[in-house]
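*Asks:* As they're listed, the protein sequences go chains S and P. All residue numbers in the first sequence are consecutive under our numbering, ending with 225. All residue numbers in the second sequence are consecutive under our numbering, ending with 263.
None of these hints come from the bench; they were simulated from the model. All C-beta atoms in this analysis are idealised placements derived from N, C-alpha and C, irrespective of residue type, glycine included. Hints may contain errors.
Claimed, not checked - Covered, in the sense of this in silico footprint (three residues per stretch, anywhere, with C-beta under 8 Å from a C-beta of chain S), are these stretches of chain P:
1. 63 to 71
2. 99 to 113
3. 139 to 147
4. 172 to 178
Residues per chain, in single letters:
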Amino acid sequence: MSPDDITALLVTLRLAGITVVVLLIIGMPLAWWLSQTQSRFKTAIEAMVALPLVLPPVVLGFYLLLALGPNGIFGKASIALGGGTLAFSFTGLVIGSAFYSLPFVVQPLQGAFTSIGQRPLEVAATLRASPLDRFFTVVVPLARNGFLTAIVLGFAHTLGEFGVVLMIGGNLPGVTQVVSIAIYDHVETLQYGQAHVLSGLLLVLSFTILLAVYALNRRFAVVRI
Amino acid sequence: MKRSSGLSLLVMALGCSVLLSATVSAAEIRVAVAANFTDVIKQLGAEFGKQSGHKVSVSSGATGKLYAQIKNGAPYDVFLAADEGRPTLLDEEGVSIADTRFTYALGTLVLWSADEALLDKGQFAKGQSDKAQDVLKKQAFSHISIANPKTAPYGRAAQQTLEKLGFWEQLQPKMVRGENIGQAYQYVYSENAQLGFVAKSQVFKDDAFTGGSYWEVPIDMYDPIVQQAVLLKDNAPARELLDYLRSPEAAAVIQSYGYSISE
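Whenever a hint applies, use it, and build me the whole structure from the sequences.
*Replies:* So this is what it looks like as structure tokens:
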């Protein structure tokens, strides 16, 4: 692997790691709300969360290109806060990845929260545990495997991100050039050897991660993907 | 019962869509075109279609990408590259039809901004724009977009220009690379990049610039962008299209987009 390829790999791992943290912060309350609510908006929200599963990443990338620009909602906000526009920045990629990998974090969490049921919470409530206390001392430990699945899938899905980055990334080495873009570059310039190395690496990594998820799920039978 | 009828409807719909796509692709000339020439070939294809009855279908991308696709058996009839290198290689490799290669246009590089005030408007004596050079020198912008120099001839021309001006190294941190010249333009057009090197054809229609501000890079700053066409599959309609591209009426259209014609 060339130094550029290693840089791309590090950028990708960093992007996946940060995206998972961001998604846990967003996804935890969202999944909890979805698992508890009787709201008539629930179905619509669930559909919206699942949208990235079927939406072509370029569609997401296209809207992001507009939203991150100086006339877009994110771009305007960023400029107002004293930053530049967000396209071609690592922050922009994190925003894109958060949309892109949202269902992979929210769905396992929601499944885990739902499967816990009301009973443990009711018991905790009779012992005067506050709602926050109930969540962190009862729900979180019981949903441990849901969290594990969410983290691993969110991470793995972000590793392979391509369409969104192609649209808003700008192919900046060390900043926005992720592995999939580097592979694309290699293929376009007919450097099939280098493309093979990176592709093989992603393949093995993705398979290993999925293997771990399925092995865990079989053992504990808590979450179905 | 209800479910199975729904399923058969779905299967029928799928079948119809397969049939439809098969009939559509029957009588058409498939053209792989460098991104910068996309608008032009679409207009020319429509004119040609009216005269000949053939349908021209256009696939656009970076010349390097299209070349890789063609080498791997992509089913195009005609290749309109943004350089002479790839068509020549295809000739040498025996992939294209011998003796069909010719220059259909000479490309022009433009530094363009959506901001009316950022650059100048027009060409200058000896081709030097003080304003453009000043902007590049002061780096009064956060991003400048170019096409990927590795795959797109306009990207290579942009690199040569910046190297000649001595700004290539300094501008690296601010440089964003589009996959092809189409994406490089998209970055500037959406104002995510404040300026960028694009093909003149992208910002020039009907013999006039379409907006923004610009610096037409003097042609001695970069190797000529000799855009060559080559026939990939020998069939009469495709040969007719290539002949049409060499006609005076096609030349007039090509020039109206800011290209020069060789000879």
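*Asks:* The structure should be examined with respect to each hint, and the outcome stated for every one.
*Replies:* The hints, checked one at a time:
1. Under the rule that three or more residues need a Cβ within less than 8 Å of chain S, the assignment of the region 63 to 71 of chain P holds, with 4 such residues.
2. As drawn, the region 99 to 113 of chain P meets chain S at 0 residues by the rule of a beta-carbon pair under 8 Å; below three, the given contact is violated.
3. Judged by the Cβ-Cβ criterion of 8 Å, the region 139 to 147 of chain P is covered by chain S as claimed, because 3 of its residues qualify and three suffice.
4. Coverage of the region 172 to 178 of chain P by chain S holds. Counting CB-CB distances below 8 Å, 4 residues qualify, and the rule asks for three or more.
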